[in-house]
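S.K.: Spelled out from the first residue to the last, the chains are:
Protein chains: 2
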Amino acid sequence: MSLIVQKFGGSSVRDAERIRNVARIIAETYLKGNDVMVVLSAQGDTTDDLIAKAEEINRHPSKREMDMLLATGEQISVALCAMALEAMGLPCVSLTAWQVGIHSTTQHGDARIKLIDPDRIRMELDSHRIVIVTGFQGVDKRGDVTTLGRGGSDTSAVALAAAFRADLCQIFTDVDGVYTTDPRLVPNARKLEEITYDEMLELASQGAQVLHNRSVELAKKFRVNLEVLSSLERKPGTKVKEVTKVEKTNIAGVAKDTSIARVALVGLEHTPGIAFQIFDLLSRHNINVDVILQSIGREDSKDITFTIHRKDLDETLDLLNDNKATLHFDHIESDDHIGKVSIVGAGFMSNCGIASRMFEALYEAGINIQMINTSEIRISVLLNEEDVNRAVKAIHAKFFD
Amino acid sequence: MSLIVQKFGGSSVRDAERIRNVARIIAETYLKGNDVMVVLSAQGDTTDDLIAKAEEINRHPSKREMDMLLATGEQISVALCAMALEAMGLPCVSLTAWQVGIHSTTQHGDARIKLIDPDRIRMELDSHRIVIVTGFQGVDKRGDVTTLGRGGSDTSAVALAAAFRADLCQIFTDVDGVYTTDPRLVPNARKLEEITYDEMLELASQGAQVLHNRSVELAKKFRVNLEVLSSLERKPGTKVKEVTKVEKTNIAGVAKDTSIARVALVGLEHTPGIAFQIFDLLSRHNINVDVILQSIGREDSKDITFTIHRKDLDETLDLLNDNKATLHFDHIESDDHIGKVSIVGAGFMSNCGIASRMFEALYEAGINIQMINTSEIRISVLLNEEDVNRAVKAIHAKFFD
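So the protein sequences, as listed, match chains L and A.
Quick note on the numbering used here: the first sequence kicks off at 134 and runs consecutively.
Quick note on the numbering used here: the second sequence kicks off at 134 and runs consecutively.
It should be emphasised that the hints constitute simulated quantities derived from the structure, not laboratory data.
Warning: the hint list may mix true and false statements.
No copy labels: a pair is met if it fits in one copy or bridges any two.
SDA-like mimics (lysine to any residue), calculated; alpha carbons at most 25 Å apart, straight line [stated by the list, open to error]:
1) LYS531 / HIS461
2) LYS435 / LEU460
3) LYS165 / GLY222
4) LYS186 / ASP148
5) LYS435 / ALA498
Just so we're clear, the structure is a prediction, and the values are computed from it rather than from any experiment.
Looking at chain L on its own, in the form it has when it is part of the complex (with noise of 0.2 Å):
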């Protein structure tokens, strides 16, 4: 026997045709003498409504509220998936995060989970049970909800699976699994049978969507195995685990990301420690900064360049420019129609030839590179915005092809 944790998203449980569906999918597992602990989204278009309802009347809600309101979503899910279940005469349990205990810090719209109380769970388990848990919240010391930001119901997912050393944790979604890239681009996309925590890692980094890092960070901190697939089509899905079984003679996959900005700061002085004033200024506002990139200017000034969501752009310049006299730049230069795009394998040091493959794919392609970032599992290039779509499908072409 063993204890599978199972999470499904907003689109696998958006009516109940689809409620009755991923019911069926837990009855199968279940009855196969497993014990089961199910984590849910709010249901399809819930999130978006709740939060077209607090716009009406508050256009900057306090985020605790927000929390509050939105917390009711996942509610909705668990309970009619119990109810779900029950219709098929099986036992089981809808929980709140607060009925568990997930507690979480209290940054409210952005909560970490700290840690998970185990004894309801445990409970309920031992009367064979099946537990069905509201994924993307938590509740803090003070006993106020909390949600866990983009990914969260993910994270919720992985941290049970971490809390009751579950053998597998299985994240249910509307692909089914991960593909060397974006299926809808690049119609010949394979999907991977294995992948390693690191090369999904640098994937969720670098704009595919279906696991968020956060979840996969916690996966590799415990160890959990993880398995990316369909909740609508029954099929063997992408696994997710340490090391993969066979030695990599390509890469993972191509990503991209056109959600960022690229920012330059032009003619600073030769300061030391001017660095980290910079990206010391931007984190404590909560601007996460990407690619870095730093140069020898003209006349012994230099350089730094770095890329930010692009949703940041107006707040990241404001805050430089109201800073420019301790900063000591020249000028700043921006630009938001850049993409990046990215190769992610585990097998890059010892195959040094995968680098210039990808820029011969570029180059073929005519698409010009204007900075290119690197790590021990992937190469970065970022390019206009128009040119990205085009490279995927290149460097996709020359490495699977």
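Go by the hints and put chain A onto chain L.
M.R.: Showing chain A alone in chain L's frame:
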């Protein structure tokens, strides 16, 4: 400075505009220097929508999961109301029943409040925040969500007013007070300035929809000053209190109830304890019996006639027939086309002409009386259902025109 509890029903918070209206009423009370505790129901049709969602999945869900589902309705209301108050710059906090600690019995769908934990609300009031609490719900000893059944939000408001010794508990509805009878039926019905708890109790249990019995009982027990008023029109409502200031020379009102059915067990043996057996059987199945009348039948047997809620008729008949062998009756007669009309007033005992005036009005209207039942402050008659509205008009005219 006073502590005031304000309760708003579902129609008072049904959309953004109504919620802003509610926020203005709350703000006005708070800005006069009062501590304010607000209790809200679910918005307009939310509860019905949630029930429809559940029925699509399971015709007979467990009451536990139904409570889990329905409790989201009030949580949405309190969060949105808090956002409306935030938009006005007022300090406030929304709290669910479990966050407050409104401890209840486990009887899902019809739970009773056992105890209210004062700590969290006291802390918020001490910080001069407006406290907005979900009505209709509680949390049981295991931490499961319960709902309080019909009239639950009124009960929540009165219970909070009692627990914190509030100076006033205002129940805002879509009518502006308690009337001498239903103004939709009798246009010249009059609004009562004051009414006693006992009169309100009799009116409520006789079908006046303004306040639910449980809340009035609780208000009476803890001497909570109640006021029923409109959330849409700013004018005085009806005060419900222990003793009203003027000596009554008239009845308080005329009420009707057409949701009842009559059951007669004919030809019962003269065995001691037979009435106990019958009504114990019904009470064990949560069937409430209202008027009971026992009479001598033919040949040394007796008949027992009683009224129940119409929805319980089928179950009652099944139960009685299943137990025919032990109850020893000859046959059952039942009628679900009856109605009840009642007059209520604290001065009955000292105004012996009241009953005869009521009967006179019915006689003049040519209406037949099936059964009569009286209490210290109420006289009820059972009539054919089609005579009920005519009876209310005739009686109201006799006493108030």
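S.K.: Next step is simple, just say for each hint if it's right about the structure.
M.R.: Hints, verified against the model:
Taking identical chains as interchangeable, the C-alpha atoms of LYS531 and HIS461 are never at most 25 Å apart, the minima being 45 Å within one chain and 91 Å between chains. Within a single copy, LYS435 and LEU460 get their C-alpha atoms as close as 12 Å, which meets the 25 Å cut-off; across copies the closest is 100 Å, which misses it. Taking identical chains as interchangeable, the C-alpha atoms of LYS165 and GLY222 lie at most 25 Å apart only when both belong to the same chain, with a minimum of 15 Å there against 56 Å between chains. In this assembly of identical chains, LYS186 and ASP148 lie within 25 Å of each other by CA distance both inside one copy and across copies; the values are 20 Å within and 9 Å between.
With identical chains, the CA atoms of LYS435 and ALA498 are never at most 25 Å apart, being 32 Å at best within one copy and 101 Å at best between copies.
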